[in-house]
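Same order as they appear, the protein sequences are chains A and B.
Read in our numbering, the first sequence has 149 at position 149, and its numbers run on one by one without any break.
Read in our numbering, the second sequence has 110 at position 110, and its numbers run on one by one without any break.
In case anyone wonders, no lab produced these hints; they're calculated from the structure.
Be aware that a few hints might be false.
Unchecked claim - If we take Cβ atoms under 8 Å as the criterion, some of the chain A residues that face chain B in the derived model are:
id: 1; residue: 78
id: 2; residue: 79
id: 3; residue: 83
id: 4; residue: 89
id: 5; residue: 91
id: 6; residue: 93
id: 7; residue: 102
id: 8; residue: 103
id: 9; residue: 105
id: 10; residue: 108
id: 11; residue: 110
id: 12; residue: 114
id: 13; residue: 150
Idealized CB from N, CA, C, for every residue including glycine.
Listed below, chain by chain, are the residues.
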Amino acid sequence: MIQFENVSKTYDNGFPALNDISFTIEKGEFVFLVGSSAAGKSTIIKLIMKEEDATEGSIMINGIDVCDLRRREIPYFRRTIGVVFQDYRLLPNKTVQENVAYAMEIVGASGKEIRKNVPNVLSMVGLAHKAKMYPKQLSGGEQQRVAIARAIVNNPVVLIADEPTGNLDPETAMEIMDILEDINRRGTTIVMATHAENIVNKMQKRVIVVEKGSITRDEEKGGYANVD
Amino acid sequence: MQMWIRNFRRFIAEAFSGMIKNGLMTVASVVVVTSCLILLGIFLIVTLNVNSISENIADACEIKVYITDEAKYGGKIQSISNEIKSLDHLEAITFENGEKSFKEIKKGMNDEELALFEGLPDNLMNDSFNITVDDISNTRKISEKIKQIDGVKSVENSEKVVTFINSVRKGVKHFSFWTILAFMLISIFIISNTVKLTVHNRRKEINIMKYVGATDSYIRWPFIIEGILVGLISAIIAFVLTNSVYSAIYNAVSHDSSLIKFIELLRFKDIWDVFAISYAGLGAVIGAMGSAFSIRKYLKV
Ligand SMILES: Nc1ncnc2c1ncn2[C@@H]1O[C@H](COP(=O)(O)OP(=O)(O)OP(=O)(O)O)[C@@H](O)[C@H]1O
Ligand SMILES: [Mg+2]
Numbered sequence: 001m002i003q004f005e006n007v008s009k010t011y012d013n014g015f016p017a018l019n020d021i022s023f024t025i026e027k028g029e030f031v032f033l034v035g036s037s038a039a040g041k042s043t044i045i046k047l048i049m050k051e052e053d054a055t056e057g058s059i060m061i062n063g064i065d066v067c068d069l070r071r072r073e074i075p076y077f078r079r080t081i082g083v084v085f086q087d088y089r090l091l092p093n094k095t096v097q098e099n100v101a102y103a104m105e106i107v108g109a110s111g112k113e114i115r116k117n118v119p120n121v122l123s124m125v126g127l128a129h130k131a132k133m134y135p136k137q138l139s140g141g142e143q144q145r146v147a148i149a150r151a152i153v154n155n156p157v158v159l160i161a162d163e164p165t166g167n168l169d170p171e172t173a174m175e176i177m178d179i180l181e182d183i184n185r186r187g188t189t190i191v192m193a194t195h196a197e198n199i200v201n202k203m204q205k206r207v208i209v210v211e212k213g214s215i216t217r218d219e220e221k222g223g224y225a226n227v228d
Numbered sequence: 001m002q003m004w005i006r007n008f009r010r011f012i013a014e015a016f017s018g019m020i021k022n023g024l025m026t027v028a029s030v031v032v033v034t035s036c037l038i039l040l041g042i043f044l045i046v047t048l049n050v051n052s053i054s055e056n057i058a059d060a061c062e063i064k065v066y067i068t069d070e071a072k073y074g075g076k077i078q079s080i081s082n083e084i085k086s087l088d089h090l091e092a093i094t095f096e097n098g099e100k101s102f103k104e105i106k107k108g109m110n111d112e113e114l115a116l117f118e119g120l121p122d123n124l125m126n127d128s129f130n131i132t133v134d135d136i137s138n139t140r141k142i143s144e145k146i147k148q149i150d151g152v153k154s155v156e157n158s159e160k161v162v163t164f165i166n167s168v169r170k171g172v173k174h175f176s177f178w179t180i181l182a183f184m185l186i187s188i189f190i191i192s193n194t195v196k197l198t199v200h201n202r203r204k205e206i207n208i209m210k211y212v213g214a215t216d217s218y219i220r221w222p223f224i225i226e227g228i229l230v231g232l233i234s235a236i237i238a239f240v241l242t243n244s245v246y247s248a249i250y251n252a253v254s255h256d257s258s259l260i261k262f263i264e265l266l267r268f269k270d271i272w273d274v275f276a277i278s279y280a281g282l283g284a285v286i287g288a289m290g291s292a293f294s295i296r297k298y299l300k301v
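Only chain A is shown next, with the shape it has when bound in the complex:
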């Protein structure tokens, strides 16, 4: 599903963010990427969605060799993975339902499909009643739900999330996690970078720990802190 093989990433300014990392994530897994600040978590996410290119090594996503992707193929590749960010990244001039619909419009979905699927995902994230509101009229937690709805509306095989709860209070964060777990139960692979210790400990999922650009621990049903 997601396969990193001896991947290194050195940014243009010469900073070695990742140093020879390898891991494999199978279909349907739920994986936390943890580690202190500047460890390289976001870099991994950026490599998965081809926002950055790996300096060395190979990355396979969904059977596609990401390193071989040409520029004009990237949009089509990105449609197969859903992304959620800490800062939500909703289109400010579109309502909740228009934001979700946009993801369907770009893939050429018909109006009929859009009218059917958008309310479905919105009620899945519990926002059906706010469909006609604009992002700035919503709380952070609600905006993040919209972002999640948009990320999953095209049924991606992978959902990657970079600190999706970073701006939310613990309670709201748990609600978001419930939604993500729900999505995972339906078969979507989830990779989530986070600092939220309590969430990681509570969920008991696979944890990959990154420190200074290397993977220092990778365990099933792990906790945040080292419990050797």
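Following the hints, position chain B with the ligands against chain A.
For chain B with the ligands alone, coordinates are given in the frame of chain A:
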């Protein structure tokens, strides 16, 4: 194909909503494009009118060639006519019988005026040829040549007017050149900056679209259509403004009887199509190009 139509409908909808939701920027762009179009309009008005006025004057500037009485009664008229016709740059030549012209003139007079001509012979006026030239810049040269012809008594042309028109035309040519240059530079500069501002404000939006997996062209088209719409709206505003301001000037000038009759301005209803076409065309092109150029940078994510 069906997909294309579906996308196209979405692009149009996106363009309209983009225009409305970025209202301030839309207004700014419209103001800029409208100003540029009006600049072009002023240039068009001046050029069209100067051309038409100088044509009017040129038409009024016939060369009048008077024939001596010896030539007339010596049966030389035909040969003089042939000799004139053999010259280059002639457009038309008509013969005017002096007696007939005299009668025509007298017809238009009242009794008091007629009394002055009492007792004068009917052949008071010489016969003449009225010649029009293809271009007034050739008037002088031809006049000189005709003077050499045997049997020609005198040649009249309005030399001062001719020289004047020639210098005005030269002036307009210079003026047009500089206006076009200034117009192009100013519009390119202002428009690219305004659109850049618009797109910069929406850079985050473009980034998000790319994250979701929109292709470059899917992102670009609504912007381009938006640019075209801005251009067309500007064209309409510029057209309405041009119409009302120009008509006001036209009315003011044509009421002023002190201006001689061939300095007659063109009426807007005779030239509106030139404005409609160049405004709409240029507005749309400027809008589309502006959008296309300034969005290019932000698509590289
Ligand atoms: N575009 C870039 N150019 C240069 N260096 C970068 C770039 N992006 C990230 N880095 C560097 O790479 C290192 C890893 O960054 P990354 O964003 O992956 O960390 P992170 O684990 O996500 O940290 P955080 O938990 O604070 O989000 C950092 O030292 C950062 O400064
Ligand atoms: Mg990060």
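Checked hints:
no.	hint	in the structure
1	78	4 Å, holds
2	79	4 Å, holds
3	83	6 Å, holds
4	89	5 Å, holds
5	91	6 Å, holds
6	93	4 Å, holds
7	102	7 Å, holds
8	103	5 Å, holds
9	105	6 Å, holds
10	108	5 Å, holds
11	110	7 Å, holds
12	114	10 Å, violated
13	150	7 Å, holds
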